[in-house]
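Protein sequence lines, in the order shown, are assigned to chains H and U. FYI, the working numbering numbers position 47 of the first sequence as 47, with every residue one higher than the one before it. FYI, the working numbering numbers position 103 of the second sequence as 103, with every residue one higher than the one before it.
Hints in this document: simulated from the structure, not taken from any laboratory. Among the hints, a few may not be true.
[What the hints assert, rightly or not] Stretch by stretch, here's where chain U covers chain H in the computed footprint (C-beta under 8 Å, at least three residues):
| hint | stretch |
| --- | --- |
| 1 | 75-81 |
| 2 | 85-94 |
[What the hints assert, rightly or not] Pairs of lysine to any residue, SDA-like flavour, derived with a Cα cap of 25 Å:
| hint | chain 1 | residue 1 | chain 2 | residue 2 |
| --- | --- | --- | --- | --- |
| 3 | H | LYS88 | U | ALA167 |
| 4 | U | LYS98 | H | MET35 |
| 5 | H | LYS88 | U | HIS115 |
| 6 | H | LYS88 | U | LYS98 |
| 7 | H | LYS88 | U | VAL222 |
| 8 | U | LYS230 | H | ARG41 |
| 9 | U | LYS98 | H | ARG41 |
| 10 | H | LYS88 | U | ILE183 |
Quick caveat: nothing in here was measured; it's all calculated off a predicted structure. By construction, the Cβ of each residue, glycine as well, lies at the ideal position given by its N, Cα and C atoms.
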Amino acid sequence: MSFSDANIWIIIFCMGVGTFVLRFSFLGLIGNRHMSLWLLRHLRYTAVAVMPALITPLVLWPDATGGQLDPARLAAASATLVIGLWTKNVILAILSGGVTLYTVLYFLPSAIA
Amino acid sequence: MKTSFWAGFRTGLPFLLVVGPFATLFGVVGTEAGLDIYQVMGFSVLVIAGAAQFTAIQLMQDHVPTLIVLASALAVNMRMVMYSASLTPHLGAAPVWKRALVSYFMVDQSYAAAHQYYEQNPELPLDSKLAFFFGVATAVAPFWYLFTYVGAAVGTSIPPEYALDFAVPITFLAIIAPGLRTIAHVAAAMVSIIVALLLNFLPYNLWLLVAAFAAMITGAQVELWMERQK
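Starting from the given sequences, assemble the full structure and let the hints guide the process.
Next comes the structure, spelled out in structure tokens:
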């Protein structure tokens, strides 16, 4: 981590304040006014808009393998996605991803850099 | 009011199956990334929003500028504005300090449980509605802190063979998958991935914010289009 301690605390503090402001927005500041449909329609997709972009490079070019496509991580990601879509169960999806990762790493140990 | 609190508490308990492991994982990942235990706990106590915390840690490891770390992590939390708006008709009449307290404890679980309870019991007095919300928060939040601490305490002793670098992608995939409820959600996720790949040459992980905005617009437009088809 190249961040100084002070910088890390600035990030923590600003994220805390920023997140609180988002949570307090309507409840504390704007009040019971009707929220525009336009805004609502966009906010609905924030989670599913940010996270896939964030993890795509982590799945395809993991730092741990020096950026090489890795069968274990690819298999684990696929298993997590399939089980998550199928069961809608977060814990089950994480577990199947973990089990797949370790199973493939066991048979293809060279995958670890 | 007491019954509402305990009803909330009981509703909150099953969430621990998700919150416990998720918090432990954050403690481990944060420590592995080089944060000290105060910083890891600072995240979980001051921010109390798992997905955003993981996003921040990931970007900090990529040596991204502070402002982009903040913008990206807060983008993940923009859904809270939606939660805030949807709780206001029920809790908007409470004194400001109670609304501030509700805001602090507004997480996916407490929001989802309270919103459902209020829809089923719209005539409930304000105090009971607040009690239910704080009941859920009381079941969830202490364990969020506690398990973050547990994860941070064991984190440094885990060797790299365990491939913990992949805990974040797996966790995020597991969160996203059940959220792909409609064509609009799937379209948003697809655009998010495609833009991230196409613009991966951009410095400072700026592709992340561009992909997020493109995906949000896609989701909204596809939703509109679907409504017009009906």
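How the hints compare with the structure:
no.: 1; hint: 75-81; in the structure: holds (count 4)
no.: 2; hint: 85-94; in the structure: holds (count 7)
no.: 3; hint: LYS88/H - ALA167/U; in the structure: holds (19 Å)
no.: 4; hint: LYS98/U - MET35/H; in the structure: holds (22 Å)
no.: 5; hint: LYS88/H - HIS115/U; in the structure: holds (20 Å)
no.: 6; hint: LYS88/H - LYS98/U; in the structure: violated (34 Å)
no.: 7; hint: LYS88/H - VAL222/U; in the structure: holds (23 Å)
no.: 8; hint: LYS230/U - ARG41/H; in the structure: holds (17 Å)
no.: 9; hint: LYS98/U - ARG41/H; in the structure: violated (28 Å)
no.: 10; hint: LYS88/H - ILE183/U; in the structure: holds (16 Å)
Violated hints, listed in ascending order, are 6 and 9; each of the other numbered hints is respected by the structure.
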